[in-house]
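Engineer: Protein chains in written order, with my numbering: chain A, 1 to 285; chain B, 1001 to 1184.
Derived by calculation from the structure, the hints in this document are not laboratory data. All C-beta atoms, glycine included, are put in the ideal place defined by N, C-alpha and C. Some hints here could point you the wrong way.
Quick list of the computed label-pair ranges, beta carbon to beta carbon [claimed, not checked]:
1) A:Ala95 with B:Ile1161: 56 to 64 Å
2) B:Leu1132 with A:Leu91: 55 to 63 Å
3) B:Leu1160 with A:Ala53: 21 to 29 Å
4) B:Glu1150 with A:Tyr93: 48 to 56 Å
5) B:Leu1135 with A:Ala42: 24 to 32 Å
6) B:Val1151 with A:Ile15: 31 to 39 Å
7) B:Leu1160 with A:Val57: 17 to 25 Å
8) A:Ile61 with B:Leu1146: 20 to 28 Å
9) B:Arg1171 with A:Phe64: 28 to 36 Å
10) A:Ile15 with B:Gly1018: 20 to 28 Å
With the C-beta cut set under 8 Å, the calculated list includes, among others, these residues of chain B facing chain A [what the hints assert, rightly or not]:
11) Ile1032
12) Leu1037
13) Ala1040
14) Leu1041
15) Arg1065
16) Ala1068
17) Ile1072
18) Glu1079
19) Leu1081
20) Leu1089
21) Met1090
22) Pro1091
23) Met1095
24) Tyr1099
Here are the chains, one letter per residue:
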Amino acid sequence: MGFILKLFKSRFFVISLAVALLLSIVPGVLCAMGQGSYIRSAIVTAASPFSWAFTKVGEGITGFSLYFKTLEELRDENAALRAELEGYKSLVYDAELIKEENEFYSNYLGIKEEHIDFLFENATVVGREATNYRTVVTLSKGSLHGIEVNMPVITEEGLIGHITEVGSTWSKAEILTESSSAVGAYIERSGTLGVVEGTYELRTEGFCRMVYIEADADIRVGDKVLSSGIGEVYPRGLLIGKVTEVSRDERTRTLVATVEPAADLGSISKVMIITEYEITSLRGE
Amino acid sequence: MEFKEQKRQDFFSSQNIGKILLFTILIFFSGILQSSLFPALAMLPASPDLVLIAVIGLAVYDGERSGAVAGIGGGVLLEALGGGAHILLMPLFYMLCGYIFGIVSRVFLNRNFISWLLYILIGTALRGALSLFHLMLTEVDVNIYLMFTEVIIPEYFITLICAVPMYFPVRAASRPFHKKIEME
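Only chain B is shown next, with the shape it has when bound in the complex (with noise of 0.2 Å):
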């Protein structure tokens, strides 16, 4: 199978309009569910990456180009909510992510919700070692088993778990645009 780029669309055209809309409100409510309800819930261990599930979900059922402009939106939505003066290269991260597993998900793999689910898998694995990576650089002292059991595994855990539910709203908002595909 070769690589080939997506197709372009007319930027202007009222589906796309439409698509821009909609998987920005999805890229905007994934970032505040996982910035202000999922840390309010005190029983969580940790919060799960909802834009990482909602921009991989994206990359995988709208294409490439779909998942790196919302990795890009959501790493900076995530990076403002989050505050600081950190450079977390979260646009970078998130945009790379819908990048990459979009062009996988078209040229090697089939676009459904094993493989969706396997490339969360990497991508929270991949976001947790950047995290512990930045936490290296810019902290002093990092216990690494801490961080493990009580930031890393927790958060990976329950993003695999709420990757399930996510899968419906993240279909659901690509779904509109794929109907001629699907039916041919």
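Looking at chain A on its own, in the form it has when it is part of the complex (with noise of 0.2 Å):
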């Protein structure tokens, strides 16, 4: 109490308090009344070129910080995008999957009205087995469903071959231009018959051969190849592939074709086992 009564006493604080007071008030009552305060107008007047700059300088300053922090939301939604885009990647290659699968069951559609006869198993490559002699592709399919020893295997693009071994669950297909694989055949455009099979040296270059063609066979580059049901194995008119050249055997005074198969066996992934087919072939007609 002596305390606050001895800053009453006080001049300097009895001047300032009422200079404060004063100056507390009476701009403010001016303002209400509308009228100006020359002194707030003076001072807002004197400030306004500082208060621009620092407003600036802080408006900087925000946006420089606003450009981090919306450098973090767009990694943010960068991250978020390329999930999006991983879910998308995943549909695209879903839908590759049934373009694929769809093109696959057109060609068999194809096939199947082509062949009224047959009686397909769809079949999934599982394994390649390649040695330097001999290749051999396991199939998904087996004795489970159907599948026996000597059954055609094909494509939508032509014949690959046909089944050797037969397990529960997996089958296993010789291809084509397997030295041990031979397939009675025709040559759609003259009817030219022969056996298309496979050896040793042309396998590695994806090619087999037909053979025993009459020596005075209409026969030519181009022409297609099919399948001629002599042999009981393969139904007749199964397209092998084309042929790429002919020659003459000298020492059997034959023409030997090499025939480049339909079907890309480097890459194949889906197949059909026909499980059922009515034996006809070019010498039964």
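With the hints in hand, could you dock these two chains into one complex?
Structural biologist: Written out as structure tokens, the structure reads:
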């Protein structure tokens, strides 16, 4: 209490208090009355350029920090978009698979329409054992699916080979180019008969050959080679490939044609195993 | 310890004129920074009361007279820059802060950074109380919880944080006029 009384005895304090009260109340009252306060307007005028400059500095700093904030947001957004993209990639991959499957079934339908007597079992290539001497593909279907030895294996492109070994849930197929493979065949254009067999020399290049062609047979490069149905393994009319070269075997005096398989034997993924068909052959006709 | 009034200085002495100029610049730029730079910094929850820091600093290091005058000037400056027809009693509040903390510092406590920080703690709390009181008088519906969480408490802490760097210009501004005293 004594301290406060002493304060009020101070002339400086009393004057300061009066001035402060005056300056606290009068400008506010003047403004409320719509009268401009000269002190205020003078202060604001003097402060304006500095206020403007410091506001700009503040905005600049905020903008700079926002840049990093935005960068962080962009990073998060980028991560989210990447995740989304991965999702879309997966969808595209699925779509590609579906498209591939669709194409497969379309072709399958085409083959089915072409050979109404055929019964198929779809299978996937689950393994490919290739040695220097032999290439065998393992398929996903076996005896439980009705697969038996010697059943022909095809793709929508053409003949692949035949089943050589069957397990309960798997089977192995020997492909056309193997030297142990032999398919009764004919030239589609001329009906010339022969046998398509694999040889060790040609298998490395992915080709096979058509032998036992009569010396005067009408055979040209580019001719389509189809299965003849002779031999009771392959049904008639399956596309084997096309003739790429014709030569004469001087020893047997017959023609030999090099055949390029229609199916890409190096990248088979889905195949169809013909489980049933009516045996008709060129000779039977 | 007994309260004695601070010795009067010759107003027109070159030292006093220099002091007034220097302190005016300090208070002026504190007010400008407080009302322009800090509100523009969107990342800060509130603006620090730099004028209060400067006023208390001058009161502590130059005495209650300088604190009171700087308080009146700072209050007028803040009211002018704040605009509007409100009677916020800023000149009165800052003047009282400057004068009383100046005396307390001179008579009861040492003039050092810690005591200055303590005055700022008290001053900022009083400033928050005054703002709340003013709002309760002028506004119909005042959400006291929001006032505390979004204005008073952030302002309190940001003022305390800014007091540390503000110590140096305030100390530097008052030091040239007390070299003789410090040497004694």
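Engineer: Okay, which hints does this one fail, numbers in order?
Structural biologist: Nothing - there is no hint that the structure violates, so all of them hold.
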